Amino acid sequence: MEENEILLMKGNEAIAHAAIRCGCDGYFGYPITPQSEILETLAVEKPWETTGMVVVQAESELASINMVYGGGATGKRVMTSSSSPGVALMQEGITYMAGAEIPGLIVNVQRGGPGLGTIQPSQGDYFQSTRGGGNGDYNVIVLAPASVQEMADFVDLSFTLAFRYRIPVIMLSDGVIGQMMEKVVLPPFKPRRTEEELRQECPWAANGCKNRKKNIVTSLELDPHAMELHNIHLQEKYKEIKEKEVRYEEYMTEDAEYLIVAFGSAARIAQKAIELCRAKGIRVGMLRPITLWPFPSQAIKTLAQKAKGILSMEINAGQMVEDIQLAVQGCVPVFHYGRMGGIVPTPEEIVNEVEKMKQ
Amino acid sequence: MTNQDIIQPENLVYKKPTLLNDNPMHYCPGCSHSVVHKLIAEVIEEMGMENRSVGVSPVGCAVFAYNYLDIDWIEAAHGRAPAIACATKRLWPENLVFTYQGDGDLACIGTAETIHALNRGDNIAIIFVNNAIYGMTGGQMAPTTLMGMKTATCPYGREASLHGFPLKITEIAATLEGTCYVTRQAVNKVAYIRRAKAAIRKAFEYSMQGKGSSLVEIVSTCSSGWKKTPEEANQWMEDHMFPYYKLGDLKDKA
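So the protein sequences, as listed, match chains A and B. Heads up, the first sequence is in my numbering, so the first residue is 266 and it goes up one at a time. Heads up, the second sequence is in my numbering, so the first residue is 3 and it goes up one at a time.
Hints listed in this document are in silico derivations from the structure and should not be mistaken for laboratory results. Since the structure is predicted, the reported quantities are computational estimates derived from the model, not experimental observations. Even glycine gets a Cβ: it sits at the ideal position worked out from N, Cα and C. Be careful, since some hints might not be right.
[Stated by the list, open to error] The following residues of chain A were derived to be distant from chain B, with all beta-carbon distances above 10 Å:
id	residue
1	V309
2	G380
3	R431
4	V450
5	Q500
6	K504
7	K509
8	R533
9	R548
10	K566
11	T611
12	E613
13	Q624
[Stated by the list, open to error] Derived CB-CB ranges, DEER-like:
id	chain 1	residue 1	chain 2	residue 2	range
14	B	P26	A	T567	55 to 61 Å
15	A	P379	B	G123	35 to 41 Å
16	B	Q211	A	I271	46 to 52 Å
17	A	G606	B	P26	54 to 60 Å
18	B	K18	A	T298	51 to 57 Å
19	A	F392	B	P232	49 to 55 Å
20	B	D24	A	W313	42 to 48 Å
21	A	W313	B	Y194	39 to 45 Å
22	B	G212	A	E587	49 to 55 Å
23	B	N23	A	P468	18 to 24 Å
24	B	G180	A	Q594	57 to 63 Å
25	B	K229	A	T425	51 to 57 Å
26	B	G159	A	T425	53 to 59 Å
Just chain A, same shape as in the assembly (with noise of 0.2 Å):
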């Protein structure tokens, strides 16, 4: 392919190009439905064959995100993808990542649950992204793609967050974006970091301790005081990212008395609803959060001045509402709209909503 050239392909094989193209020293993943096709692109791919980059097909979601611990540990740019049951799974494995301050991409291709639930999409794993997930005071960047573009352009932004923060990245998709074809333009191609410029940019991996004193990557710290100071350590570097790292977008907001937040696939369904709603001469606009953590508080407070009323509109049952309440505090009505199980809305349910908040 050429570069620059515009290609067609699902979102699952946007990533897996894009990971070979950014530079990623390894991927490590265990199949699940509906992202299979990133570990089977990356497979036909051979990029241990031009890159260099490792490929593993791991023995379960536990391996795969300890392989990208592993990997991270030693100032690799390594990733790992599964989909929500298997996310579940790697929660022990995040949390480690978080405490030890290991920066690696996680991608979450999610699928309706609770439990093994179905492969129809959903956005049922936002509060297990954006609160933790796992056990203790921690908190990963959580990006949220809205198309196959976005999905191969998140790849490189992810690992450059995660390396400037020393923080898991989260790529927070879905069925829809991982399995729609859509046009795409890929990442131009990056080298992979020689030996010396990850030594550079990584004096604290643990990859041999070559004219240095040795390192230890851990997450354990027996005694609390030396615990908490590590505690304030890091929500010090979570506030920073809340200052520095908030991205969002705007559409037709300028006049709008209701506004929708969706992110991801669900602002897709949001954007023909509003341009429907229009049609009607309602005056309606969106912010589409793309970091659902840091979340967009500030923004959606600010355009909460002008508005009448808020929809939420999510493919679950209502969760990213409660960080708009919060944003709000109260000031305006907020709503929330979704389905779950795998049922995507339509946008004429959406315009029937925003109707339903105008009475």
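Fit chain B to the supplied structure of chain A, relying on the hints for placement.
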């Protein structure tokens, strides 16, 4: 003649390996861990791999192994060390990568990670310290606890109908195509210590030669968990552990 006059390079027949630092060890008197730590330090030094070694420490008594050996370390979640080592080695093939695990970590909660890392033939060495008990949490039943042996969670002795049987995971490892070297050693006598050191050296060398995975089990004591003096524990190990966990090489693809 003073001591300082005697301590001259030409008179030295033994010294503490430089990789083993002076941090006071938290291990109980009579514990086998400290001897195994020393052997690993000696082997890494003799191989000249001081700057190219990464150890993966477990959850269990050896969780703090990283405090005593001056190489790079990654602390694993319980049982996950072999998965971590798999990625660490594949991403840094020129590094010596080994895990250091106990029986609960390796043969119970981490059985899947152990079997699959060994079966993939990852070029890593697994050092497996088997003392048939959970030491760090206070002496509970382990997968390798012997029949009839008393622990905090089988206070009347291990019984097949209640607890199943002691797991010979090293024998299982020997059947896997990915393993190149599987052996069972001990460190309670000088002759055993020498053999154990040679085994660790062989496992480390095979991993650097790309021959596949190695498993070195060290049958060990836990005098605190077994509620015995160090001397009694050593005797009990010889009388009860060795007949079930037989010492020697189970596999060597030289």
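**Report entry** Hint check for I271 of chain A and Q211 of chain B - Cβ pair distance inside 46 to 52 Å
**Finding:** Roughly 48 Å apart at Cβ, these two residues keep to the hinted range, so it holds.
Report task. Look at the Cβ atoms of K18 of chain B and T298 of chain A and judge whether their distance stays inside 51 to 57 Å. Result -> holds (56 Å)
Query - Cβ separation check - V309 of chain A to all of chain B, threshold 10 Å - result: Nearest chain B Cβ is 20 Å from V309 of chain A, so the label holds.
Query raised in the report: Since T611 of chain A was said not to touch the interface, does its Cβ keep a gap of more than 10 Å from each Cβ of chain B?
Result: At about 43 Å from chain B, T611 of chain A clears the 10 Å cut-off, so the statement holds.
Report task. Just double-check K566 of chain A for me: nearest Cβ-Cβ distance to chain B has to come out over 10 Å. Result -> holds (39 Å)
Requested in this report: Could you tell me whether the CB distance from W313 of chain A to Y194 of chain B stays inside 39 to 45 Å?
Outcome: 42 Å Cβ-Cβ, so the 39 to 45 Å window holds.
Query raised in the report: Is it the case that Q500 of chain A keeps its Cβ farther than 10 Å from each residue Cβ in chain B?
Result: Fine: 22 Å to the nearest Cβ keeps Q500 of chain A off the interface.
Report task. With 57 to 63 Å as the target window, see if G180 of chain B and Q594 of chain A comply at their CB atoms. Result -> holds (58 Å)
Query - Range agreement (Cβ of T425 of chain A with Cβ of G159 of chain B, hint 53 to 59 Å) - result: Check passed, 58 Å falls within 53 to 59 Å.
Query - Outcome for the supplied range 51 to 57 Å, where the beta carbon pair is K229 of chain B and T425 of chain A - result: Given about 55 Å between the Cβ atoms, the range holds.
Requested in this report: With 35 to 41 Å as the target window, see if P379 of chain A and G123 of chain B comply at their CB atoms.
Outcome: holds (38 Å)
Query raised in the report: Minimum Cβ separation between G380 of chain A and chain B greater than 10 Å?
Result: Given that every Cβ of chain B is farther than 10 Å from that of G380 of chain A, nearest at about 21 Å, it holds.
Of the hints listed earlier, there is not a single one the structure fails to meet.
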